[in-house]
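Visitor: With chain A held as given, fit chain B onto it using these hints.
So the protein lines, in turn, are chains A and B. Here my numbering is used: the first residue of the first sequence is 47, the next is one more, and so on. Here my numbering is used: the first residue of the second sequence is 112, the next is one more, and so on.
Simulated from the structure, these hints should not be mistaken for lab results. Heads up, some of the hints might be wrong.
Unchecked claim - Derived SDA-like pairs (lysine to any residue); straight-line CA-CA distance at most 25 Å: (1) A:618 with B:299; (2) A:271 with B:198; (3) B:183 with A:478; (4) A:263 with B:287; (5) A:478 with A:243; (6) A:436 with A:451; (7) B:183 with A:307; (8) A:588 with A:556; (9) B:274 with A:262; (10) B:183 with A:292; (11) B:220 with A:174; (12) A:347 with B:183; (13) B:183 with A:343; (14) B:183 with A:290; (15) A:506 with A:438; (16) A:268 with B:198; (17) B:280 with A:157; (18) A:56 with B:293; (19) B:299 with A:179; (20) A:347 with B:182; (21) B:220 with A:315; (22) B:332 with A:313; (23) A:268 with B:294.
Said to hold, decoys possible - From chain B, some residues computed to sit far from chain A (all C-beta separations above 12 Å): (24) 165; (25) 195; (26) 218; (27) 247; (28) 248; (29) 256; (30) 264; (31) 352; (32) 354.
Cβ atoms here follow ideal geometry from the backbone N, Cα and C, with glycine treated the same way.
Residue strings, one per chain:
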Amino acid sequence: MTKIGGWTGKVLRIDLSTGRISTEDTIEKYKDYLGGTGIGYKVIWDEVPTGTMPFDPTNKIIFGVGPLAGTGAPCNGRTAVTTLWPTCWPKPLVASGHMGGQFAAELKYAGYDATIIEGKADHPVWLSIEDGQVGIRDARHLWGQGIRRTTVEISQEIGAEAAVAAIGQAGENLIPMSVVMNSFSHSAGGVGAVLGSKNLKAIGVRGTGSVRISGNKEEWEKLVKFHLSLLGANNQHVVPNTPQPWAEYYNTSSRWIASRGRRWEASSPAIETGTCEPHRLNRISYRTNNAAFYLGDGAWKYTVRGNGCTGCPIRCHTMIKVPQTAAKYGIPEVGQNTCGGLNFGRAFFKTFPDGPRGETAIEACMVGMHLADDLGIWCNYGQLQRDFIKLYYGGMIKKKLDEKEFKSYSWDKYEKGDPSFLFQLLPRIAFKEGELGTALGLGTGYMLEQWGIPEQEWTKDYNLLYWKMGHPKHHSNEDAGQCGVIINTQYNRDAQCHSHSNFTRNGLPIGVQKRLAAEIWGSPDAIDAVSAYSLMNIHKAKMAKWSLLRKELHDSLSLCNWMGPWVASPLKERGYRGDDSIESLLYSLATGDKKNHQELDQVAERIFLLHRALTIRDMGTKEMRTQHDTIPEWVFKDVSGKTPFTKGTIHMDKEDIEMAMDIYYEVMGWDKKTGAPSAATYHNFGLGKAAEELSKRGLLP
Amino acid sequence: MSQQSERDGMLEKALNLVGLNRSFSRRDFIKLSGVTVIGISALGALGAKSGKKMPLIIMDKAEGVVIADFTKCVGCRRCELACTEFNDGKASPTMARIKVNRNLNFGPKGVYAGQHGQGNWGNGLITPDFCKQCPHPVPCANACPNDAIVVQPPANARVVDPKKCTGCKMCQKACPWEMMSFDSDTNKATKCFLCNGKPKCVEACPAEALNYLAWRDLTEKVPPRVVPTALVSPEKAAACKQCHKK
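The shape of chain A in the complex, shown without the other chains (with noise of 0.2 Å):
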């Protein structure tokens, strides 16, 4: 084989009650398991025993990235963190949170693919990694702060480039609902309280090195331009919203905003985005707008630029300068963020005096990134704030509290939609104060089970979009019908999978889409144009099973799949196709591991075939079907009575949905009684072993 490129060949391990230090050989180790979520896995399996939960010391996190990370291939900005799901109710299994910014590829620079963290200091310190220099440093003097004091006073410390990994005092204050962050606004959320209970502030990264690419140079070159021109806008929208003059389609929901006369107003003098040609990857920066895109023509005012992840020209992160904002609630005129991270203040009113998408929405954006970026608090997809709101207006919050608690709150500031009431809120979920913030920072599993609210509450009620384990819905019936229903059944977490509503959210006509869905999952029925849906076939499952492997792959190889896969493009003279091999062209070129897009995809199966078995593991039962793949009331429910398979409606139907599950586990090769892999499943990708441990439980179907 070629001198292998991509990957650094290095994996840090670090011991914080022994303060070891030490390094393992990537390829040696983990190789069959890419990095990212895929060396998460892997560590939890083999490491974590049954039964740890996620604040004992003997619970591992592991910063995971791969062999994309760090190169110029689009949209490789992420790093997943992996370990035991503290929100994860009613028992913690494994999961993984995800985040974008610089710390994937500065890592990478360092000469590491992953940081295995383990065991717990004895007081509060941060990890330094400045290139072969790593020091468990005291952090006595961060306890306390803020995520952004914190990464500030490291960056003094070992440089300005650095990329500063930290948690807030949501974190140390061991609240589930907590993240890490870094770059500013890039978080994985979930996994704040894992390093506040290991006593770890921060990971400080400063890298000088390089990423080889193992292929030659002028072919890289050329494929990253061939990646580049299938770009759409954020989330793979391949059409603009407004008609355009190169444009043979538009659709309103798309996320590709850009046009004349819409300008990045406060950039100084204001750019216009202007009509952004596919053609021209020199303008694919102007493309995406998010604040506009969530806010409303509104934010374009405030609009800075675009920002985002190293390499990546999507630049999803929108910054917004909003200075009377800042005057009138003393914060920091500029703030950035994309989706959960921007709305997280605004998704907790019901109401706004001038409406969803006015000054105030926006007010209440501003308000919420400076204070939950800051304390470090996650938002679980806007469970939190659907939570809120649930437990608010149905009486909830007024029962549980005492009146002197209760009253400490200004409801009237609340209900008037006044983003000042944040500053009451949002700091007692992160210091765990009062009976309220204690519930919240619990997440909605455990906050539901401390107030003796029954689960079944949250699954029957649409409007909270709760799934399952604490988390909610992420990209399902209402954007793919039954694979989208399915793939939401198969994780500890949010699924936090986008591969299906990429392509169906794409933008072209849906008879675009079947043109192009038959190509990749043999046959056009695979996809329905959305809310217009038609019985349960086997293509649906094989979209469902490509879409989850896709997601394990990106999360290993570090590329994004809030971007990929890029199965369509903006190309016309293409028929808007994409290209189903772009992940394992880039991984072959740049690894020198020569692999075509099914071999790859096999191993993105091992990846997520050990997620299932450490999940079976550590729920104890086979039982997977009835116990863990659960799915909630409101799928089967339309409020306005509208039946399944109707145009007008994202319900389905419940027999449907048993088929579609039996379809499914048939593709992936599982028992469909338990919906647990066969012992030669876990045989035909290499896990043998599992299948013995698993035997040896009788965890096998």
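Guide: Relative to chain A, chain B alone:
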């Protein structure tokens, strides 16, 4: 006291001044003993009468220059990656000949400017640093004791000739904008060579923040990052004097 030892003493003093001598081995020191410091040299035209080949002094102007529009830069660093991946086969921002990362978080003033500075942690402004392709006198080329920085057509970029470069890093101390890079795999200096007239960084920018334009003199317009602490060989200093007589 021979002229040589007097020169060594002077050099040692100069190195002490710029804090260089600590990291130099004795061997490096001896290797460097043939050079002197511009401004404090009082030795005259040493090489002029020796009949040796005249040292290289770049007089030609470059044809083009890469220019960055700070307000358009989105901080993605695709330029840094294109520079080293497509030219050197590795992703290595530290050796990229366009430099964004050092200003990315806190701006050119660094971390001490905190949230009131530039960059992602400040007002959002990103400053990509680029080579000015300096006119005569070209600081990096003049500082090179081996004449390894040469003019290369068609763009007349000032480029490092790896065959001549010994990796002494003197050029790094010469550039007021800290634009010299170093390839730690080959142990050679490297710098922007304008990709022979088709800069990869410009091509890679997804926000049209970089432009390749006809050369213009930016040396007076862009504030320096550091005070250069260049050492120029006596031969070169002598050659300078040929034209720059009082």
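Visitor: Which earlier hints turn out false for this structure, listed by number in ascending order?
Guide: 1, 3, 4, 25 and 26
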